[in-house]
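Visitor: All residue numbers for the sequence shown refer to this note's numbering, where the first residue is 784 and numbers rise by one.
These aren't lab readings, by the way, just hints derived from the structure by calculation. One or more of the hints may lead you astray.
To be verified - No more than 35 Å apart at the CA atoms, straight line, and that leaves these computed lysine-lysine pairs for DSBU-like:
| id | residue 1 | residue 2 |
| --- | --- | --- |
| 1 | Lys851 | Lys880 |
| 2 | Lys935 | Lys811 |
| 3 | Lys814 | Lys880 |
| 4 | Lys851 | Lys840 |
Said to hold, decoys possible - Between beta-carbon pairs, the in silico distance windows are:
| id | residue 1 | residue 2 | range |
| --- | --- | --- | --- |
| 5 | Asp932 | Asp799 | 36 to 46 Å |
| 6 | Asp803 | Lys851 | 22 to 32 Å |
| 7 | Asp799 | Phe885 | 32 to 42 Å |
| 8 | Trp797 | Glu924 | 25 to 35 Å |
The model shown is predicted, which means the values in this text are computed figures rather than measured ones. Backbone N, C-alpha and C fix where the C-beta goes; we use that ideal spot for every residue, glycine too.
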Amino acid sequence: MKTLYLVRHAKSSWSDPGTDDFDRPLNKRGKMNAPDMASRLSSRGALPELIISSPAKRARSTAKMMAKEWDYPSQAILLEDELYLCYASTFLKVITKIDDDFERVAIIAHNPGITDFANYLTEEIRIDNVPTSGIFAISAETDHWKDFDLAKKKFLFFDYPKYQSEEL
784 MKTLYLVRHA KSSWSDPGTD DFDRPLNKRG KMNAPDMASR LSSRGALPEL IISSPAKRAR
844 STAKMMAKEW DYPSQAILLE DELYLCYAST FLKVITKIDD DFERVAIIAH NPGITDFANY
904 LTEEIRIDNV PTSGIFAISA ETDHWKDFDL AKKKFLFFDY PKYQSEEL
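Can you build the whole structure from these sequences, using the hints too?
Guide: Okay, structure coming up:
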């Protein structure tokens, strides 16, 4: 069984219009939401064993904040250039390269790719938009990441900062 957590980077700052998109930092809300969402994932009892992130500053910062909450070494975060503003199909290319020793993996990236990929993975639920810091979780009945695409999948949960649920 493999579990994938798709995470959209936390809210970024638009305060400096001259900042290149790749270099935009997190804003105050993003800096609060990233650790909060990491804590909410921790409360579910299953932490990622591997974190893969887009190299964009807002995604890297989100990954580092979440890693800190999970006691995951920030130097072990894998930066994947292909995840910067990628299409849904790119996620599958990244996933097939994951070492099978990892059962639970978090991928931190951007919209619209995250939302498109989440909707590709399951017919059980349709998401209009994965909000910033949102987490979409799905499991696949396979022992090999290279087989993730064709494996039977089960939607686990969808959580985001403004979502309130009694089960959280």
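Visitor: Would you say the C-beta atoms of Asp803 and Lys851 sit inside 22 to 32 Å of each other?
Guide: At roughly 26 Å between Cβ atoms, Lys851 and Asp803 fall inside 22 to 32 Å, so the hint holds.
Visitor: Taking the Cβ atom of Trp797 and the Cβ atom of Glu924, is their distance within the range 25 to 35 Å?
Guide: violated (42 Å)
Visitor: Evaluate the given range 36 to 46 Å for the C-beta pair formed by Asp932 and Asp799.
Guide: At 39 Å between Cβs, range holds.
Visitor: Given the proposed pairing of Lys935 with Lys811, does the C-alpha separation stay at or below 35 Å?
Guide: Violated, because 39 Å separates the two Cα atoms, which is more than 35 Å.
Visitor: Is 32 to 42 Å a correct range for the gap between the Cβ atoms of Asp799 and Phe885?
Guide: holds (37 Å)
Visitor: Run the distance test for Lys851 versus Lys880: straight-line Cα separation, threshold 35 Å.
Guide: holds (25 Å)
Visitor: Taken at face value, is the distance from the CA of Lys840 to the CA of Lys851 at most 35 Å?
Guide: holds (16 Å)
Visitor: Could you grab the alpha-carbon distance between Lys814 and Lys880 and see if it respects the 35 Å cut-off?
Guide: holds (30 Å)
The structure fails hints 2, 8 (numbered hints given earlier, in ascending order).
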